[in-house]
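Asker: If you want the building blocks of each chain, they are given just below.
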Amino acid sequence: MTGRERGDGESPRRVKPEDLTAESPFTLPGFFAALSDGRLLGGRCDECEQAFVPPRPACYACGSREIAVEEQPREGTILTNTEVARPAPAFAADAPLTIAIVELDSGVRLTGRVAADYEEVEIGTPVELTVRELTDQEKEFALDHEEEWPLHVFEPA
Amino acid sequence: MPDPVILSVGASPVGDSELTGRDLFSVALAEAFENLPDPAGIVDALYVGNQSESYEHQIMYGTLLAEWAGLRHVPAERVEGCAAAGALALRHAVRDVRSGQCDVVLACGVEKMTAGGTAGATEALSAAFDRALEQRSGITAPSQYALLAERYCHETGATEEELARVAVKNHSNAARNPRAQYQSEIDAETVLESPYVARPLKLFDCAPVSDGAAAVVIASEEVAATLVDSEETVRASGVGAGSNNLAVAERDLTFVEGAHRAARGAYEEAGVEASEIDVAEVHDAFTVCEPLLAEAVGFAPRRAGVECALEPGERSDGWSDVELSTSGGLKARGHPIGATGLYQAIEAYEQLTGRAGDRQVEGAKRALCVNEGGVADAVTVAHVLEAT
Ligand SMILES: [Zn+2]
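Those protein sequence lines, which keep their order, are chains A and B. Quick note: the first sequence uses numbering that gives the first Met the number 0, first residue 0, plus one each step. Quick note: the second sequence uses numbering that gives the first Met the number 0, first residue 0, plus one each step.
No lab work stands behind these hints: they were computed from the structure. Quantities reported herein were computed from a predicted structural model and do not represent experimental measurements. Virtual Cβ for every residue (Gly too), placed ideally from N, Cα, C. Some hints here could point you the wrong way.
Stated by the list, open to error - From chain B, some residues computed to sit far from chain A (all C-beta separations above 12 Å):
#1 H56
#2 T113
#3 P311
#4 G312
#5 R354
To be verified - Per the computed footprint, the stretches of chain A lying under chain B, defined by three or more beta-carbons under 8 Å from a beta-carbon of chain B, are:
#6 48-55
#7 75-81
#8 86-98
#9 108-121
#10 142-150
Please build the complete structure, drawing on both the sequences and the hints.
Answerer: Dropping the structure here:
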């Protein structure tokens, strides 16, 4: 399921200024456009293999700018989780929220909401990444450019 | 190279104040310059640590406070780094003096957090998280630290009761600090019976929302000698700074690497070892921070950090005899975000000049201050301070 996207037949390579359009996964509009289509795109360092979402111009682990774009698996495991009793106003209607840091099977780690009560999950629980549009309430608090950006939510697998 | 020293300090009380940010700064300035000439006669530059304009709808704090201090003629700027802004301002002051660019620099910090209530503070602090994935998931500051606490307890076996004892210790210290927001002792039951804010962290595991301003005057040792007795000064002998990923998920969840690097930088510059530090102010925004930092800066063996709540003699082998958060820490002294790094330096100054009153650690010669910004070690600044 994980596959490299090669550009010009010689990826990975450094991103060039002209690459960085709103369609590029190296920009947030491009990253979220792909997520809207159900594809979570990450970067993988060609030097040290460190993987991350979203893609970015350089590897945080080693500094290399040779970054390949890879579609991420949806399956992962909870590394740590909590329950947010009083979230920020945009999310008050959904309180309490279960939130977790998840490590995907590719090694990528990200924070996200979990669509389950706090008691239903724990460290080690397998989860699957899903993607949904923002609710009307969430859209109210989103910046103009974020309104169409979807939200990733984990579900117990 | 000139040796930078702390020439003088001043601060407002920490708490829920009727005063605004600039007024709180006036209090800090008045104390810091009580026995000094006018700032205009000696100060060459001004740095202001300030977290957020959302509290008072005021940026340009550099210009404003320069004007307030009679320093319109010197370069002045606001320094931003969430809760590390104060120590970043201090670091700029120390480096300006060490480089010979300036003889005297005023480092200060100011925050008027209560202006927007708890909801305003929640909102303002969330701006320190990664916008793309973290903020949009609805996470709050306590829940970010709860994720770290949950993992720390899972890996080390530390318990909620042990974390509660960190709060008990720091309240006990704050009870003897006239600058503190909470000058009262609490017991572990009070912490354990307080409501969960974000499991496993409860209300009493969290630092409060605070107003406050603090000022630290840095001078070259040579110029300081013309203004005060040398025993009234403290050497700013080492400073280190380091960043880590903005998103917590991408970091080591049980070792605050950024803080480790910052402390190592400060130790190396000062030529001291962690074991030589007598007193330390560490960034205990939440109880779990103190064990994490004790391990990262070399006071405690890995996984034994939670013993920070014990007396030095009661801790495991491998622990140093350092006294932690003698001011009461962020937890109980209070945490006016952009000013906190300066309050830490003030506690170190008072300990190292024998002015810490009932909380004085006898014979304290060396101090470490560790100030973090963002969640945990997104940015960390560490200072080694030494008695003259
Ligand atoms: Zn790399």
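Asker: Look at each hint and say if it fits the structure.
Answerer: Here is how each hint holds up against the structure:
no., hint, result
1, H56, "18 Å, holds"
2, T113, "17 Å, holds"
3, P311, "31 Å, holds"
4, G312, "33 Å, holds"
5, R354, "40 Å, holds"
6, 48-55, "holds (count 3)"
7, 75-81, "holds (count 4)"
8, 86-98, "holds (count 8)"
9, 108-121, "holds (count 6)"
10, 142-150, "holds (count 3)"
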